[in-house]
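Chemist: Here's the letter readout for the chains.
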Amino acid sequence: MSASDIPMNNTLTRRIIPCLDVTAGRVVKGVNFVDLVDAGDPVEIARRYNEQGADELTFLDITATSDNRDLILPIIEAVASEVFIPLTVGGGVRQVADIQRLLNAGADKVSINSAAVANPELVKAAADYHGSQCIVVAIDARRTSEAGEPARWEIFTHGGRKATGIDAVEWARKMASYGAGEILLTSMDRDGTKAGFDLALTRAVSDAVPVPVIASGGVGKLEHLADGVIKGRASAVLAASIFHYGEFTIPQAKEYMARKGINMRL
Amino acid sequence: MNTIAIVDYGMGNFHSVARALRAAAPDADIRICREASHIDNASRVVFPGQGAMPDCMRTLNESGLREAVLRAARSKPLLGVCVGEQMLFSHSEEGDTPCLDVFQGRVRRFSGPGYASASAHTDDTELLKVPHMGWNRVKHVRHHALWDGIADNTHFYFVHSYYVQPSDPALTAGLAHYGVSFTCAVARDNIFAVQFHPEKSADAGLRLYRNFVDWNP
Numbered sequence: 010m011s012a013s014d015i016p017m018n019n020t021l022t023r024r025i026i027p028c029l030d031v032t033a034g035r036v037v038k039g040v041n042f043v044d045l046v047d048a049g050d051p052v053e054i055a056r057r058y059n060e061q062g063a064d065e066l067t068f069l070d071i072t073a074t075s076d077n078r079d080l081i082l083p084i085i086e087a088v089a090s091e092v093f094i095p096l097t098v099g100g101g102v103r104q105v106a107d108i109q110r111l112l113n114a115g116a117d118k119v120s121i122n123s124a125a126v127a128n129p130e131l132v133k134a135a136a137d138y139h140g141s142q143c144i145v146v147a148i149d150a151r152r153t154s155e156a157g158e159p160a161r162w163e164i165f166t167h168g169g170r171k172a173t174g175i176d177a178v179e180w181a182r183k184m185a186s187y188g189a190g191e192i193l194l195t196s197m198d199r200d201g202t203k204a205g206f207d208l209a210l211t212r213a214v215s216d217a218v219p220v221p222v223i224a225s226g227g228v229g230k231l232e233h234l235a236d237g238v239i240k241g242r243a244s245a246v247l248a249a250s251i252f253h254y255g256e257f258t259i260p261q262a263k264e265y266m267a268r269k270g271i272n273m274r275l
Numbered sequence: 009m010n011t012i013a014i015v016d017y018g019m020g021n022f023h024s025v026a027r028a029l030r031a032a033a034p035d036a037d038i039r040i041c042r043e044a045s046h047i048d049n050a051s052r053v054v055f056p057g058q059g060a061m062p063d064c065m066r067t068l069n070e071s072g073l074r075e076a077v078l079r080a081a082r083s084k085p086l087l088g089v090c091v092g093e094q095m096l097f098s099h100s101e102e103g104d105t106p107c108l109d110v111f112q113g114r115v116r117r118f119s120g121p122g123y124a125s126a127s128a129h130t131d132d133t134e135l136l137k138v139p140h141m142g143w144n145r146v147k148h149v150r151h152h153a154l155w156d157g158i159a160d161n162t163h164f165y166f167v168h169s170y171y172v173q174p175s176d177p178a179l180t181a182g183l184a185h186y187g188v189s190f191t192c193a194v195a196r197d198n199i200f201a202v203q204f205h206p207e208k209s210a211d212a213g214l215r216l217y218r219n220f221v222d223w224n225p
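Respectively, the protein sequence lines represent chains D and C. The numbering of the first sequence is the working numbering, which starts it at 10 and goes up by one. The numbering of the second sequence is the working numbering, which starts it at 9 and goes up by one.
Simulated from the structure, these hints should not be mistaken for laboratory data. It should be emphasised that the depicted structure is a prediction, and the values quoted were computed from it without experimental measurement. Warning: the hint list may mix true and false statements.
Unchecked claim - The calculated lysine to any residue pairs, modelled on SDA-like cross-linking and capped at a C-alpha distance of 20 Å, are:
1) Lys230(D) with Ser250(D)
2) Lys183(D) with Lys147(C)
3) Lys147(C) with Asn272(D)
4) Lys133(D) with Asp131(C)
5) Lys240(D) with Thr133(C)
6) Lys183(D) with Ser125(C)
7) Lys240(D) with Asp131(C)
Given the sequences, and given the hints that come with them, work out the whole structure.
Modeler: Next up, the structure:
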């Protein structure tokens, strides 16, 4: 498989999505979901990524307590008033009313993770009410097969702390059938390691679902982004630290991917 | 005063459209309208839509705004966006839904051997995902005031599973490619309508909204 196998009458570009982990009004970045460090002001970062040509932005509210959950609403409002690209917001979404509040604040898509596992019908209800286009199901998966066994991944919830025993590929398929318009797939094994996406996981899920898959977790080099699309068949690639800390700009990433034959919006 | 009514019949994210219009045209009076008289009194009208077609048509009919939208379509600059574009056609495959019939034609789903579906599975060739989601090029089929300052083949942001198929090919003002070449912008007289989301298409989208605010068909 190479990018040239994609039908010529398809000019849809692959997306680069910087991810902003937000808590207490600031963007932070951790390793394997812990050891958080400050990475800056969300509106300022969002504006910079928009100017650089980011295709979308994802905000994950990693606030630990629900008391402070609504702190993200004014941030989303502020970003949505000056950045006119799609905004996805996730973290702590538990009911249809949470989705409504985030959409009203200016989110275009809302990502649901733990609550989808606790109550899959929530995804159905949300997609029925708001439309599949704004419902993203986020999946945190960890490889549970031993070396030499056929690859198998399980989903984890609550920021990766809680095992569920649910097969990740089957879960993705079920969520798409329940109306998820997109799957945000994070490899817990790779998140924060800079070792690259779990490409076998990405490919397995991308081939299993009819909806777009966003690959996430592990980007350390530009090559990883291209691999996520070419080898993992992801529709979009999500990364945080390589952009936040200025290791690479969005244009550098896009130009690299375009040189690999991937259709990009330059 | 240039008054722009955004039709709010209860479906979709009208706030995004309003935010983008306000950024593109700070000099205009942008209003989210839930009453027919406000739509009738506006100098131009934006007709957005998002979500499932049966729900959009049902809520439009129940909102009491259907006739006001049809009056606007006959009399003043009207911009349809996403499902707002699709609703202007005769009929949608989505839920077998009769639409407004301002334009003759059907709304079709992306389907066939090249597209991914719940049952399709392949290792060899990558299938096209549905919804068609992301930035795609828009080819200008003809000159139009709403394309002013926007280069041919500029990328716009799309998210949809259905697309319009006008009976009259002359309606098409823009084309995009996703497995098929499909109409993504239509224009006739005082009406312009697009499948993509100008409010989420960065500078090009803001320019299209600016052009609409300045348009005198």
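Chemist: Which of the listed hints are not met by the structure?
Modeler: 2 and 4
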